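A.B. asks: Next come the chains, spelled out residue by residue.
Protein chains: 2
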Amino acid sequence: MQDVYAVIMAGGSGTRFWPLSRRVWPKQFLSLAEQNESLLQATVRRIRGLVPSERILVVTSERHSGATRQQLPDLPPENVLAEPAARNTAPCVAWAAAHVSARNPNAVMMVLPADPHIGDEAAYRELLTRASAAAAEGGLVTIGVTPTRPETGYGYIELGDQVQTEVGGGVYKVQRFVEKPDLERAREFVQDKRFLWNSGMFFFRADKVLEEYQRHLPDLHAFAVGYRDQATASVAQSYVIARYAELTSISIDHGIMEKAQDVRVVPGAFGWYDIGSWTTAWELASKDADGNAVLAEASLVEAKNCYVRANAGKLVALIGVEDLVVVDTEDALLIMPRERAQDVRRVVDDLTKRDAKKYL
Amino acid sequence: MQDVYAVIMAGGSGTRFWPLSRRVWPKQFLSLAEQNESLLQATVRRIRGLVPSERILVVTSERHSGATRQQLPDLPPENVLAEPAARNTAPCVAWAAAHVSARNPNAVMMVLPADPHIGDEAAYRELLTRASAAAAEGGLVTIGVTPTRPETGYGYIELGDQVQTEVGGGVYKVQRFVEKPDLERAREFVQDKRFLWNSGMFFFRADKVLEEYQRHLPDLHAFAVGYRDQATASVAQSYVIARYAELTSISIDHGIMEKAQDVRVVPGAFGWYDIGSWTTAWELASKDADGNAVLAEASLVEAKNCYVRANAGKLVALIGVEDLVVVDTEDALLIMPRERAQDVRRVVDDLTKRDAKKYL
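Heads up: the protein sequence lines correspond to chains A and B, in order. Going by numbering that gives the first Met the number 0, the letters in the first sequence line up with residues 0 to 359, in that order. Going by numbering that gives the first Met the number 0, the letters in the second sequence line up with residues 0 to 359, in that order.
Hints are computed from structural coordinates only; laboratory data are not their basis. Here the structure is a predicted model, which is why all the values come from computation and not from measurement. Warning: the hint list may mix true and false statements.
[What the hints assert, rightly or not] Think about it this way: if two alpha-carbon atoms lie no more than 27 Å apart in a straight line, the pair counts; the simulated DSS-like pairs of lysine-lysine are: (1) Lys313(B) x Lys356(A); (2) Lys352(A) x Lys286(B); (3) Lys313(B) x Lys286(B); (4) Lys352(A) x Lys313(B); (5) Lys356(A) x Lys303(B); (6) Lys356(B) x Lys303(A); (7) Lys313(A) x Lys357(B); (8) Lys303(B) x Lys303(A); (9) Lys286(B) x Lys356(A); (10) Lys286(A) x Lys352(B); (11) Lys286(A) x Lys356(B); (12) Lys303(A) x Lys357(B); (13) Lys286(A) x Lys313(A); (14) Lys313(B) x Lys357(A); (15) Lys356(B) x Lys313(A); (16) Lys313(A) x Lys258(A); (17) Lys303(A) x Lys352(B); (18) Lys303(B) x Lys357(A).
Between the sequences and the hints, there should be enough to build the whole structure, so can you do that?
C.D. replies: See below:
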C-alpha cells in the first residue's frame, strides 16, 4: 500500500468530563473505558499495525503538547504538532497536510479523533485499511457508522450510489451530511437504511485535500503552503506561532467535507462510541448486578445504576440512590443524575465566572 | 445553692455521623450545629456560669479521654473519667456518683448528655437551676421537653400530679416513662398535653442516687462504694480497670429512673434537639434560599434541600439533585437521601464485616 500517515486530532478541552478532566489534563489523557490506557493511547495502539510511529502525527494545543509526548513516548517528539491557538479542526488538518505533503505529496492521511471508543478493533482496522485504499484513488473519504439507536447527539451521513473502485465494493458517494437531528428524525434515520453516523474520521491524499483547501478555504491553503516551504523546523514553528491565531476557525466537516465534490463513505459497524459525557462512560463501563459502574473502593447499600469514580484510598458509600454520577477527585467532587451529564458545563461556567479557576 | 456537680456523658461511638465521626473521633467532638465549637465544648460552655470547672466531670471511653482533655483544656485532667469498657450509662453514673460522693455526699449531680443542641440557652440554664434545686430536696429529677412535633425517635414522659416543693411550682411527679412510640401514638402524645420528651438529663444528690443503686443495681453500688474507699487516685484507677468490663450493662433510664419511687420532672421548652443523625444536622443548619445547608465550597446547579459538607480546599458540585446528604472527608465520601440517614449504620456494618476498619 501507498504511504499512509495518521493524523490524530487531540485538541479537546474536556469540559464535559470535569472534574476528572482539567484544563491541564483534558479528556484524551483519561482512561474512561479501558482501565490502564488513556483514550489517546488507545487510539495510537489500535493503528500500530497499520502505520509506523514515524508517520503518526498528533495535533494538540501547545498547553497539552508536553503531556501528549509523555503519553506517547514511542512517537518522534516532532510528530506532536502544538497549536498555539484553538482554531477548530480545519486549520489543524491543513497544517498536518502541509507536514505530510513536505515528505510525500501523494501520501494518504487518515484523520482520526483521539477520543472515540472502538468495540471491535479488528473490524475497525479492516475499515481503516479499506478507506485509506479508497482515498489513494483521489477522493475525500469518510467512515460512516451503521446506527444502532436513534442518537440525537451525532451528525448523520446520507448514502448515495455505490462507487466502482479498484478496492472493490463497500464505497459509496455521500449524498449529504446531516446535522444532529431531533429524536423523531433520528428514529426515521435508524429505520431508513441509507443513514449513517458521521464518525469524524477522514481519509484523503495530502495533495488532494490541499486542492480542496485552495478552493474553499484559501487562507488556510496559503498558510499550509507557506509552512511547507519553510527551510528548517524551528523557522517553521515561528511561522506557525506568528499566524495560527488569525486563521479561519472552522471544522473540517463544514469547511471542506460538506463543500467538496467527490466525497465518499465506507459504511461499517465496529462498536464505535463517541465518549461524549459521563453518561456514555457509564454505558461503556462494566457494571455490577445492580447496574452500578464502580471505579472506586465503595460500599453500596441499595444503590442502582450509578457511575462511581474516585482515587485510590478513597471510600465512596452510597445509600439508596439511583442513576447518579459521582466523580471524586482530590480537590473536586461532582454529583448529578446521569441524565444531567450535559449540564457539567454549567458548573464549569460557574467556576469560571467566579474566578475559581484552580478547580478547572 | 448547694454544691452542684455536672456529669457530662460523652461516651458516644458515633456510627450515625460516619464518615465525619470515626472510632477515634466520635460525634461529641464534632461541630455539627455551631461552626467553631464541638457538641461537647458547647455543653460545657453552656453550664460555665452554673458550675465551676473543678466540679465538671466528663465520662468518656479510654480511647477518647485524650481528645476530651484536649477539647476542654480548662478542666482538671482528673475530672475526665476514662471508661475501660463501654457498659452503657448506669455504670458511668454510678462511677461519677462515687467520685462526687467522696468529695461531698450531699452534692447534687446534674447528669447531661454531651451532644444535644440547645436553641434557647437562657431558658435552658434557668431550667437546670430549677431542676438542681428540686433534686436538692432528695428526689430523682429529670427535665421533660414540651414536644413540638410527633417525633418517633424519642422516648416520652407522662406527667403526674404537680408536687409542692420549696422551689415553688413547675415540678411534677413522673407518671411513667414511655418507649419510642409509633407515629400514631406520637401524634396523640403531642395533642395530649401530659406527654413530654425524655431529654436524658437527670438531677439527684449523690447519696440519694447511690441508695437507688443499692436497691436496683447492687453490683454497681458495690463497685461505686469500693471505688470511693480507694486510698489514692492511681489505686482507684486500677480498681476501675479490674472491674469495669464485668459491671451490669444497662442505661440509667432502665436501670434506675424507671424503677425508683420518687421521680419528678420539670417541664420546659428551650429549643432542645437531640442531634441524632445527618437529617437533624440539616434541620439545625442555616440554609440558602433553595433549602441547601452548605458547609463547603460549592457550585450548586438546581440543587435543593441538600446537606453538603466537605473539608476546606474541596469543591463540591451538585447538579439537579434534591434532598441529598453529601459528606466528604479526606478518605471517605457518603451520599444518601436525607430520609435514609438511619441507614448509615449499614455502611458501617459493611465496612466492619469486610475488615475495612481504616475507614471507621
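A.B. asks: Evaluate each hint against the coordinates.
C.D. replies: A quick look at each hint next to the structure:
1. For the hint pairing Lys313(B) with Lys356(A), the CA-to-CA distance comes to about 13 Å; that is within 27 Å, so the pair holds.
2. Restraint check: the Cα-Cα separation between Lys352(A) and Lys286(B) comes to about 23 Å, which is no more than 27 Å; the hinted pair holds.
3. Of the supplied pair hints, the one linking Lys313(B) and Lys286(B) holds, its CA atoms being roughly 20 Å apart against a limit of 27 Å.
4. This hinted pair checks out: Lys352(A) and Lys313(B) have alpha carbons roughly 18 Å apart, not beyond 27 Å.
5. Annotation: proposed proximity of Lys356(A) to Lys303(B) holds, straight-line Cα distance about 25 Å (limit 27 Å).
6. Of the pairs offered as hints, the one joining Lys356(B) and Lys303(A) holds, with about 25 Å between alpha carbons and a cut-off of 27 Å not exceeded.
7. Simply put, Lys313(A) and Lys357(B) have alpha-carbon atoms about 11 Å apart, close enough for the 27 Å limit, and the pair holds.
8. For the hint linking Lys303(B) to Lys303(A), the alpha-carbon distance of about 21 Å falls within 27 Å, and the restraint holds.
9. A threshold of 27 Å between alpha carbons decides the hint, and for Lys286(B) with Lys356(A) the separation of about 26 Å falls inside it, so the pair holds.
10. A C-alpha spacing of about 23 Å is found between Lys286(A) and Lys352(B), which places the hinted pair at or below 27 Å, so the restraint holds.
11. The straight-line distance between the Cα atoms of Lys286(A) and Lys356(B) is roughly 26 Å, inside the 27 Å bound, and the hint therefore holds.
12. About 26 Å separates the Cα atoms of Lys303(A) and Lys357(B), which keeps this hinted pair within 27 Å; it holds.
13. Of the pairs offered as hints, the one joining Lys286(A) and Lys313(A) holds, with about 20 Å between alpha carbons and a cut-off of 27 Å not exceeded.
14. For the hint pairing Lys313(B) with Lys357(A), the CA-to-CA distance comes to about 11 Å; that is within 27 Å, so the pair holds.
15. Our distance criterion of 27 Å between C-alpha atoms is met by Lys356(B) and Lys313(A), whose separation comes to about 13 Å.
16. With a C-alpha separation of about 51 Å, the suggested pair Lys313(A) and Lys258(A) falls outside the 27 Å cut-off, and the hint is violated.
17. Taking the CA atoms of Lys303(A) and Lys352(B), the gap is near 22 Å; set against the 27 Å cutoff, the hint holds.
18. Between Lys303(B) and Lys357(A) the alpha-carbon distance is near 26 Å, which keeps this suggested pair within the 27 Å criterion.
In the structure shown, a violation is registered for the earlier hint numbered 16 alone.
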